[in-house]
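One letter stands for each residue in the lines below.
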Amino acid sequence: MVPTGSGSARPTTHNGEHYVDGARVIEYLPSSLNALPSSRYYLWLMAPALILLAAITLYPFFWLIWMSLQNVGAGPETEFVGFKNYIRLWADDKFWTGWVLLFKYSFFCLLFEITIGVFLAVVLNGHRFENILITIFLMPMMMAPAIAGLVWYYLFNSTFGWYHWLFQSLGILGETSIIGSTETAMAGIVIVDIWQWTPLITLITLAGMKRVPRDQLEANMVDGASAVRNFISITLPNIYPFLLIAIMLRFMDNFRFIDVIMRLTGGGPAEVTKVLPVYLFDVSFVFFKLGRGSAIALTLLIVTIIFGKLLVKVFENPASKRIDQGN
Amino acid sequence: MFNIPKNAIYKRINRRKFLELGGGVATALGTGSLAVGLNSTIMKTSVQASSSPEAKWKQYAGSKLVFMSENTPPSFAIRDTIKEFFDLTGITVEVLTDDLPVVLQKVGIDVRGGKADFPVFYSQDKPIGAALADYCADLGKFIKDDTLPQDPEGYGADSWFDNFLDACGSMYEKGKIVALPYDAAIACTFYRQDVFEKHSKDFEKEYKYRMEFNAKTTWKNVLDYTTFLQKMKKAGQDVPYGYAQHLGTFAWTTQLDIQRMMYSHGQWLDFKIDDILGSKKPGPTNWGDASSIEMMKQYKALADVCHPDNLANGTLELNTVYQSGQIAMQIQYHEFAASVEDEKTSKAAGGKTAYAPCPLGEASWIKNGGKAVNGTNCGIGGIAINKNASEDIQRAAFIFATYATSKKLQYNVLKGLGGTPTRKSVLAEPDVVAARKRPTKMPNALTFEPVYDFGIKAPNFVLGPKIPEVNEYHKILHAEVSKCVAGKQSPEDACKAIKKQTDNVHDI
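Order-wise, the sequence lines are chains A and B. Using the working numbering, read the first sequence as starting at 230 and increasing by one per residue. Using the working numbering, read the second sequence as starting at 177 and increasing by one per residue.
No wet-lab data here; the hints were simulated from the structure. Quick caveat, the model's predicted, so the values are computed rather than measured. Each residue gets a CB set at the ideal place from its N, CA and C atoms; glycine is no exception. Take these hints with a grain of salt, some might be off.
Simulated restraints on C-beta separations [unchecked claim]:
1. A/W319 to B/V278: 56 to 64 Å
2. B/G459 to A/T326: 49 to 57 Å
3. B/S228 to A/I280: 26 to 34 Å
4. B/S228 to A/I285: 32 to 40 Å
5. B/K448 to A/T533: 43 to 51 Å
6. A/L293 to B/G459: 27 to 35 Å
7. A/T326 to B/G289: 47 to 55 Å
8. B/G289 to A/T533: 21 to 29 Å
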């Protein structure tokens with residue numbers, strides 16, 4: 230039973246305990262306390278997970294590096310060629326064009342998706358039909374990208390496509406389909422990406438907006454700030470981390486999702502939509518030049534990581550930056 | 177662990193007993209799995225050369241094969257009637273079908289990885305056969321094996337239509353057969369007879385010759401017809417466009433599309449190699465020579481007056497454009513006649529479409545001194561056996577290949593689904609002979625005259641190029657031709673770009 234004290238400390242007992250304001254204070258480590266496990270103990274605990282992780286990520290990664298140093302040609306034989314695959318990439322026009330097109334594609338997708346996504350989130354936030362509308366907006370995202378590509382392929386088709394007919398009736402398009410012209414094909418694949426993935430930006434931004442402190446918004450409004458000013462000064466800094474996640478996700482997706490492009494244009498017409506991952510697919514699984522394909526894949530991976538890091542730097546939360554500077 | 181009543185009438189299982197039971201269950205499961213696994217490989221019954229025909233068919237009863245094929249009529253037919261094969265042999269066959277590029281990817285990964293998940297696969301002559309020939313078993317040894325059931329008509333070149341066995345079976349080595357002809361896609365001209373008849377007089381006034389299509393119709397005539405119809409269309413008249421090419425997303429058919437024009441003019445070939453056997457080291461390509469530049473110019477000239485969505489139309493889309501009545505001519509594979517003649521889906525059905533050989537070369541366009549022919553090319557789909565599979569699986573696969581290329585099956589497919597036979601004897605069947613004329617219940621038979629009687633015969637038929645890097649070559653060609661058609665580069669530059677990249681692929 231814990232003695233109820235009068236507030237003053239009592240003398241320490243034989244086992245090092247004493248009471249302060251009725252609370253028991255122990256001034257020594259109990260003799261029965263378990264010894265801290267060694268780091269090896271934790272290593273053993275983590276070993277199964279580490280082995281599994283290594284098997285599914287590290288092994289293929291190192292295998293990719295090894296493959297990129299091999300010549301895997303038409304026959305079953307392979308030979309070690311050192312950095313020949315990488316050197317060959319320098320002179321490969323399709324490789325460099327693939328990069329340019331990939332950046333162009335990613336830039337336009339991100340630009341429109343962020344702009345429209347954030348706008349929709351602002352409109353939807355607190356709207357009386359918010360739940361219903363967000364459910365409707367999320368529908369495209371639930372479709373498998375390959376199916377989305379197929380659906381839009383039919384919609385864009387100049388013979389029977391409903392969208393083509395609509396755009397043609399409105400005088401926006403002629404008889405050439407949007408994916409059949411070198412001038413508009415890139416726009417075609419960007420439109421599909423915007424349609425499918427803007428809801429993700431909206432969803433993430435909306436989640437961020439729910440966490441914007443109301444007191445700050447109200448204080449700002451009391452100070453006479455307009456809705457736009459309020460958004461720029463209060464909402465935007467608060468949703469920064471959420472936007473960063475959204476941008477990172479979409480940026481990485483654009484660098485690896487080729488389902489829609491493969492289905493819609495296959496990289497054509499005249500290679501105007503042959504972004505690097507599509508070229509990588511061709512090299513690896515149509516030409517079966519797995520050595521060259523691995524070299525392309527590795528450059529793609531490295532650049533994705535570098536740009537990911539850069540994006541994090543650029544979009545770092547200004548609030549945390551200020552705190553860091555203050556420290 | 178559990179609360180046991182004091183007066184329990186059952187015995188509590190001790191740890192030892194529990195482990196014994198667990199071990200027993202594990203052993204039973206393991207044995208079961210092994211049995212199932214063995215069942216999926218092979219359960220061979222030995223057979224002697226003197227065994228009955230029935231025993232030869234049944235010798236691999238209980239085994240299982242996976243057939244990876246393109247989504248073509250014979251594969252659907254086999255899948256629908258696979259029980260018949262099972263009843264005959266006791267072999268279970270799983271028929272998987274997909275688009276040709278997917279078949280190439282799946283089979284390519286399987287055979288290159290040293291696996292035999294697809295012991296038997298569809299080998300379209302160039303994209304799969306030429307690329308994966310090293311991984312295909314030589315069927316010659318099975319054909320000579322009298323312990324295996326054999327087709328009564330045999331497998332010699334005479335059993336099939338002209339050049340078919342060479343097209344899909346001969347790759348790089350004389351005497352080795354990598355595949356047996358299973359289905360065929362031969363190019364011929366589909367044209368709207370009603371449109372031609374309606375506008376022939378107006379055309380004749382302007383061009384001083386009749387608007388008609390036959391074996392003597394040249395590529396220049398096709399250009400004239402297309403220009404004429406485009407002019408009428410632009411003038412607001414209710415006519416279809418003249419023509420459209422095979423561009424779109426399928427690289428191989430673009431190569432075939434321009435190859436027909438190239439070969440028609442002096443039998444131009446892509447490489448200086450044997451057209452039947454092909455070559456693993458083809459040397460420098462002929463692209464960039466005077467003939468190729470001239471042909472690229474004419475291909476571009478034709479493209480300029482084609483259907484406006486020319487660049488988006490691959491082979492399937494092109495057929496849809498024709499079916500919807502938007503163009504008056506297409507060079508298409510004869511297997512598409514069934515869809516064109518389907519009145520439910522095609523505006524070109526009901527006797528409006530006529531079939532003719534591929535156009536003849538225009539003498540004035542020939543630059544290499546060769547002769548003008550009706551350049552006709554093909555995709556002969558073979559059935560090949562994976563070399564990585566065990567000997568017994570390969571033998572079981574050969575039994576399936578024999579069944580899948582039999583006359584009976586091909587005849588049934590032609591009647592039921594609109595197939596394209598590869599065995600000559602199918603055409604001798606009385607109802608097939610009758611079906612060559614309208615009204616017909618076998619629409620593909622309407623194309624047999626321009627295809628089997630004319631197009632596939634020398635000197636019109638071109639088989640290659642058979643080279644291991646064929647798919648990369650097709651992609652190069654497709655990209656550069658598309659750029660030229662789109663006006664992004666001149667015909668000269670397109671030919672130079674093809675040469676540079678193709679030679680680079682071959683380390684030249």
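Now for the hints, and whether the structure bears them out:
Take A/W319 and B/V278: their Cβ atoms lie about 32 Å apart, and the range 56 to 64 Å is violated. Evaluation of the 49 to 57 Å hint for B/G459 and A/T326 yields a failure: the beta carbon distance comes to about 28 Å. Against the hinted window of 26 to 34 Å, the Cβ-Cβ separation of B/S228 and A/I280 comes to about 56 Å, which falls outside the hint. Between B/S228 and A/I285 the beta carbon distance is about 53 Å. The supplied range of 32 to 40 Å is therefore violated.
Our hint of 43 to 51 Å for B/K448 and A/T533 holds, since their Cβ atoms are close to 44 Å apart. About 33 Å separates the C-beta atoms of A/L293 and B/G459, a value consistent with the hinted range of 27 to 35 Å. Restraint check, A/T326 to B/G289: a C-beta distance of roughly 31 Å breaks the suggested window 47 to 55 Å. In this structure, B/G289 and A/T533 meet the distance hint of 21 to 29 Å, their C-beta atoms being roughly 27 Å apart.
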